[in-house]
Amino acid sequence: CVNTKRNKSCIVELRDFTRKRFIPMTQFTTELLNFLAQKQDIDEFFRSSLETAMNDLLQVELSAFLGYEPYDKAGYNTGNSRNGAYTRRFETKYGVVNLLIPRDRNGEFSPALIPSYGRRDNHLEEMVIKLYQTGVTTREISDIIERMYGHHYSPATVSNISKATQENVANFHQRSLEANYTV
1 CVNTKRNKSC
11 IVELRDFTRK
21 RFIPMTQFTT
31 ELLNFLAQKQ
41 DIDEFFRSSL
51 ETAMNDLLQV
61 ELSAFLGYEP
71 YDKAGYNTGN
81 SRNGAYTRRF
91 ETKYGVVNLL
101 IPRDRNGEFS
111 PALIPSYGRR
121 DNHLEEMVIK
131 LYQTGVTTRE
141 ISDIIERMYG
151 HHYSPATVSN
161 ISKATQENVA
171 NFHQRSLEAN
181 YTV
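First residue of the sequence shown? That's 1 in our numbering, and the numbers climb one at a time after it.
Fair warning: there could be bad hints in the mix.
To be verified - Now the in silico label distances, taken between C-beta atoms and shown as ranges:
no. : residue 1 : residue 2 : range
1   : GLY75     : GLN174    : 46 to 56 Å
2   : LEU32     : ALA179    : 49 to 59 Å
3   : ASP143    : THR78     : 45 to 55 Å
4   : THR26     : GLU69     : 17 to 27 Å
No lab work stands behind these hints: they were computed from the structure. Note that CB positions come from ideal geometry on N, CA and C, so glycine has one too.
Make the full structure from the sequences, and use the hints.
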């Protein structure tokens, strides 16, 4: 690895190529190499990185909403300011992510990163729908998801997800069609 004040990069030798490539060493790649060197769980690395990135994005989103950065003089006497944060557990395919959702004083901020009252991403719902379409029972789907991801979905939750999907499909099939469509 080459380590100077200006540039941190490692030479990566590729077996199929005769030349060497320089890959810049960022904090992310350094931590990834440390995880791989210590033979730790890669899903935990991605989960913790995702948690950090999502929390940072939520803070940036609030700053963009308010129009000023934290502790900036432009925010004084604007009528709206930061007002702490609340925690939310959000289930992803890498595991549970603990988020700090920032608040504003007037209660007008709603993050676009995650849906309001959302507790999980769409990855598991899509899996439930696919399994249900193939004829797997709701109890079996619940057991499969718990064994694979560690998330507990009750059979009633699986049934509710599949019912919502069936309603969307029925609405799609019953929609009115126009005579001409633009191509």
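Going down the list of hints, with the structure as the test:
Restraint check, GLY75 to GLN174: a C-beta distance of roughly 51 Å satisfies the suggested window 46 to 56 Å. Remark: the range hint 49 to 59 Å for LEU32 to ALA179 is upheld by a beta-carbon distance near 55 Å. At roughly 52 Å, the beta-carbon separation of ASP143 and THR78 lies within the given 45 to 55 Å, and the hint holds. Separated by about 23 Å at the C-beta atoms, THR26 and GLU69 satisfy the suggested range of 17 to 27 Å.
Violated hints: none; the structure is consistent with every hint.
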